[in-house]
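Student: In case you want the letters, here they are:
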Amino acid sequence: MHPIRKKRLTIVLFLLVGLAIAVGLTTYALRQNINLFYDPSQISAGEAPVDVRIRAGGMVEEGSVRRDPDSLKVEFRVTDFNASVPIEYIGILPDLFAEGQGVVAMGRLDGNGRLVADQVLAKHDENYMPPEVAAALEKASKGQHKAGDSAETVSY
Amino acid sequence: MYPEFGQIALILALLLAVLLSVVPLVGSLAGRDNLMAFSRPLSSGMFVFVGIAFAVLTHAFLVDDFSVAYVANNSNSLLPWYYKFSAVWGGHEGSLLLWILMLAGWTLAVAIFSRRLPDVMTAQVLSVLGMVCVGFLLFIVITSNPFDRTLPNVPADGADLNPLLQDFGLIVHPPMLYMGYVGFAVAFAFAIAALINGRLDAAWARWSRPWTTVAWAFLSLGIALGSWWAYYELGWGGWWFWDPVENASLLPWLSGTALMHSLAVTEKRGVFKSWTVLLAIVTFSLSLLGAFLVRSGVLTSVHSFAADPERGTFLLGLLAVTVIASLALYAFRAPVVHVRSRYGSFSREVFLLLNNVLLVSATILVAVGTLYPLVLDYLELGMLSIGEPFFNLTFSPLAVAAGLLLGAGIFSRWKKTDGGWLGRKLLWPLAISTLVTAAVLVGYGGFTTWAFLGVFASVWVTVATFWDLWDKSSSRKGRLHGLKRQSRSYYGMVLGHLGLAITMVGATVVSNYGIERDVRMVPGDVASVGDYQVAFKSIGQRQGPNFTAQYGTFDVLLDGERVAVLHPEKRQYTVGMSVMTEADIDAGLSRDIFVAIGERITDEAWAIRLQYKPLVRWLWLGSLFMAAGGFLAIADRRYRIRERADQKAEASTNVPESGSPTSAGATS
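Here the protein sequences line up with chains C and A, keeping their order. Residue numbering for the first sequence follows my numbering, starting at 1 and increasing by one per position. Residue numbering for the second sequence follows my numbering, starting at 1 and increasing by one per position.
Certain hints may be false.
Below, computed lysine-lysine pairings styled on DSBU-like, alpha-carbon distance capped at 30 Å [stated by the list, open to error]:
1. 7/C - 415/A
2. 268/A - 6/C
3. 425/A - 268/A
4. 477/A - 416/A
5. 7/C - 416/A
6. 415/A - 484/A
7. 425/A - 472/A
8. 416/A - 6/C
9. 425/A - 7/C
10. 6/C - 415/A
11. 477/A - 425/A
12. 268/A - 7/C
13. 425/A - 6/C
14. 472/A - 268/A
15. 268/A - 484/A
16. 73/C - 537/A
17. 268/A - 416/A
18. 477/A - 268/A
In case anyone wonders, no lab produced these hints; they're calculated from the structure. These figures come from a predicted structure and were not determined experimentally.
With the rest of the complex left out, here is chain A (with noise of 0.2 Å):
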């Protein structure tokens, strides 16, 4: 029975989303604030139905109902309960399910977290976002329902989850991952509304600022996790493949950082408007593009679903709608440019907008390497594939000029800074940068262009940050005061400056200095990587809970000592026959140690990957940081300042705020 309740209750969610996207809309346009009042409960309402969606799917998963389709697909009854759960969007039903309960997540927190913006603006916003909730409802009920069932021949069991997610890496990524997609969509929103009303300015830059940095945070977290997920997964060491469904996510998150940045420059200088809403709707257009790669099976990779030609055709129709209504939209009510702010050639406004013009083309540049062997397929002109060295050529020089001219925009000043002087400022940073780089790259034993450029454009980030935080806390109360007075929001840029920084470097280095080495190995035997040993000590077998395995035991040493055992292993997975590849790794905070088996060459030999990755931590450490930068920024006082600001304000002047019944009861 259950099941069926799920379907209902995501029938009436969409009922309710069609609601909010109409309602609330129509009130504020025709000035009706008893209609723009039913936002804020029809997002409710929407975000309960979904929540009951969820459950009865997640229970059914519990339970080992395999009279739904979707679990019997992608469950078995010998799955351990946290792998029953996470199996939950495990799939392209329950994962569309995950995606849509997080919008409609977003969409009640915008709705619990806008009291203090203009009723007109919060009906818009939310109508909007209702409207994209329409489009994936419609989605998930015509198309994808999770809740089919098998009736009348019900399984015994289920197929299994395929066994390279049954790992912790996806129990986490997919959610992080679909909270920064999803959350564009505010940021969207927000454009859109603005759009609509003519609302262009800087407390509209202001509002959704905090809401496109928490995207951004959770996206940059969502890929991080991916890209270790596969480094120890997927068995073989990597840990970007340049793969089109990777690129599909990094898409997004390049075009949203340049939404941050540009929604800077609009918020503390009322430029760049037209171009910030641009990039709004063009980072929530990637998603949507993320969403139709990956779930249209017009690719095959680790991550694409099943192919269906009846998703690809309502996905591509989705974003063609949005993409086309939104520039419409844009095009006849972005603001024609009559600013007359001014502002010099080295001021922050131009560094920033170099900083978006780099951006932009690493996004074009990835959407390009990407979309041009699909469109040709299509259009049968080819089948072809562009590898990896396209990406690291192209990508490569506008991460190192991003990095530099990061450094040197730091010192910047709006409206107007004295070339002269950050000739000057730069000098020291430049000096010190050089000689560390030089320092790290003995160290390392080898010079090459790329890991130099690699390495003192992170050094040089770093020192430019660290300068700056130094100049901005120098006080006459002495530097913890001076430390102390800086902004939760300064903190959170300092933060993910530094962020960057240290993927850059762990890039660079584990690029440049990794060393991989495929050996023949029997036991007894020793083989060397960098300046580490491996030795073979015995191989076996062992039984997992729906697996068997071959066991490898091996000996790190490091000068004769040893620093660590491995265990990796080759699983048989029992219910679908698949084998799977487990390596083992010393991990460590300057180099990991790598090992996995490969296949049996004779009785005794096996083929065994050993690899040594110096700094590949570094490469997830830096996305915590940037990630911890973001929502350091948002918990910035100013933020609440100005809403306890507002609120004296409505106090003093006693204007009830209008169509919110219960706030404008409370404060008057």
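Next comes chain C alone, as it looks inside the complex (with noise of 0.2 Å):
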């Protein structure tokens, strides 16, 4: 072969396997680490996987929280005013936590509809909600026919 060509044959196929090698990458990572969002409506209607990582999100439900005295463990609910959710948590809370506040919670659910968490979101600004908590209680606040109907779009 032209020894030109096969320089440009060299460089293509270096380029062809580099962006093969990313795209593959780029896809297993996003199959491994994509974490849904599920609305505490969504939870106990039994739609959210149990055992995978999700995300799940509410306001913290008025007197839930306990705190085990000897432990860093954590036991609290989140609500959308519809249906709500235990959450239990080992560590340290965000300094914004507080009952009446939006929250979001990783973890995974456990087989009795208990979320165990291993990271608690809130936001560093007083007024802040997070989006899906938002988008969560204005559609429990619409009612059970509303909610069913988006239900299908996040659990896609």
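Each of the two chains sits in its own frame; use the hints to bring them together as a complex.
Tutor: Rendered as structure tokens:
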């Protein structure tokens, strides 16, 4: 083969291989690391998968926060004023975590409908509400049939 | 009265920007020197009026003029003066004004330092910068006026600056970051001007190189400062969260790094021209994308400002116009590749090409991870998030590959490198790096594949860099003479590459060997973290200027000896009633010990976060090296020698520089 063509071919092959690796890695990593969001209504209706890392969010229910005095274990419930989900978390909660505040928890559902969270997020701004939580609350306030509609799109 | 002057100044600046974007460009296309000559005065005028507006806003903050809505929302009479000053860019409107001030500043800098450029080029570059200024000035005047009044109901006091932003980090982080973002506008303007007049050659690459390098250096500093600020101020000891807004600053950095390297090839060898132009357009577009992500309200994060659909739409429009117009111009004017320049398979050209492939892949990856959830959400296909694991999994192999390639590429030559020679050359560095890496891993006590690859890539880059310096500096007149003979841009490159290695080793070690513990402690308890013990002594109250704090006292012990006393705080701000964790850190080159107070569990017991962070400082130290390398590179003599040579040539042939009467008068 002509040396210049050979060189070009090498470069093109290099690029293709690199591109293939990049695309492969991306799709693999995406598949592993997408965390879908579920609101409390969906979780209590059993629409969320068990033992898959998901995001769940809503308002922290008034009077639901229980702290274990001997460890860093905390239990609380989040609600969309339609249904509520118990959440268990071991660790330090963010500064703005409080009853009546919007939060998002990342974790896995156990068999009993309880979310074992490994991360709890609240925003560093007193007026902030996580966008998913705002959407979930709005949805819940619009009534059951609406919630059913959009639940389909979320868990597509 | 003053705020109205500020607004008038902004409108005048807008008018000047419109003139700047039209008059010199028309002059350059019609060959009218007198029109092109307007480019410099218009640039200066625009800068002056933007400067006046900025000064007026700063004054309003310093004198607590709460009749200005922006001041009332972002300041408070209790704030110390330096936070009042930095509060100028603590919100959307003011930070946008700072952005525009810097854009005007870069434009002025181009006007001042472009004396040796052909006048047509200068006029066109300044015109393109004028267009960018028009975009942002329209944006601020139409949607985000910082001088809006709260009249007649002037609040008695301001709503206070977000406590997170009351910090030294905020005073310096945004200005550095914006200098970088906006600086890429200059590289963009050079690219567009080159496309317009068809002068896409080595000279063009030489002119835009220093500007790109400076912008890149500022962006590196800005990103590092942001990471450092997040580390100590957000309270929980992370240094990079793959937060969409962080990614928004990383995107132009990655493509800007690719641009810097591709410009080098274009300058030295005259190849990759079209690619380089495309990268310049992409890099600036990514800066605009960053502005859109942060300011449109599509994201919520520490950085994002209040949501306002009008602003988002405007910025998206600005982004679309920029991308479409410049790509259309690119499609029509980019040179058809007929380069006859040859280079072999192991030549430096090929290594730099691969460098670009890796950097662009990384840019695409980060962009996909950042934008995919936003697009899905916008199309109402569901809400999802892409977490850190995605980025760590995909970004790390690319970073390691870039490091490995860099170590080999340092030895390569332009045009042609003998593969066998290169292989033999790499044997010793390979052996040394493997040994050093093994020693480091044994020292930290633990082997993981990623730790090995990350440390190895860093050591490899370091060894190769020094090896090459040693080779190049050999001289019959002695080593010192050889070292002195190397150019500043070469040393700039050395510093930049060492900086990369330092950052990489820091990131690898702290991610793999850092220890993080959340523990329940009562005063008197001792907990261990790594080789260190942390003793909880006491906790009490402290009164700050605008907050009250729970004030802890902790002893850090190593082998029973006290090495530091730390005072982490939990602050409650009086005005907004918001709570803030102020961690305290015993910082060191080899490790940080980090203590933060969590919530109160019982009357006595507190949740405490303890962290041992080996080499975490190296992350930011590396960025300092990189930025220093950038600044050193542009101080290179060749940029000035050429200037003098040009002047001599002019003087001897006695051809006055057309269109710029002052310098023509001076030289002839």
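Student: Compare the structure with each hint and give your call.
Tutor: For each hint, the structure was consulted:
1. 7/C - 415/A: holds, 13 Å
2. 268/A - 6/C: holds, 24 Å
3. 425/A - 268/A: holds, 24 Å
4. 477/A - 416/A: holds, 29 Å
5. 7/C - 416/A: holds, 12 Å
6. 415/A - 484/A: holds, 26 Å
7. 425/A - 472/A: Answer holds: residue 425/A to residue 472/A is near 14 Å, not above 30 Å.
8. 416/A - 6/C: holds, 15 Å
9. 425/A - 7/C: holds, 23 Å
10. 6/C - 415/A: Holds. Residue 6/C to residue 415/A sits at ~16 Å (cutoff 30 Å).
11. 477/A - 425/A: Holds - the C-alpha atoms of residue 425/A and residue 477/A are around 25 Å apart, at most 30 Å.
12. 268/A - 7/C: holds, 21 Å
13. 425/A - 6/C: holds, 25 Å
14. 472/A - 268/A: Holds. Residue 472/A to residue 268/A sits at ~18 Å (cutoff 30 Å).
15. 268/A - 484/A: holds, 22 Å
16. 73/C - 537/A: holds, 24 Å
17. 268/A - 416/A: holds, 14 Å
18. 477/A - 268/A: Roughly 28 Å between the alpha carbons, so the hint for residue 477/A and residue 268/A holds.
The earlier numbered hints are all upheld by this structure, with none contradicted.
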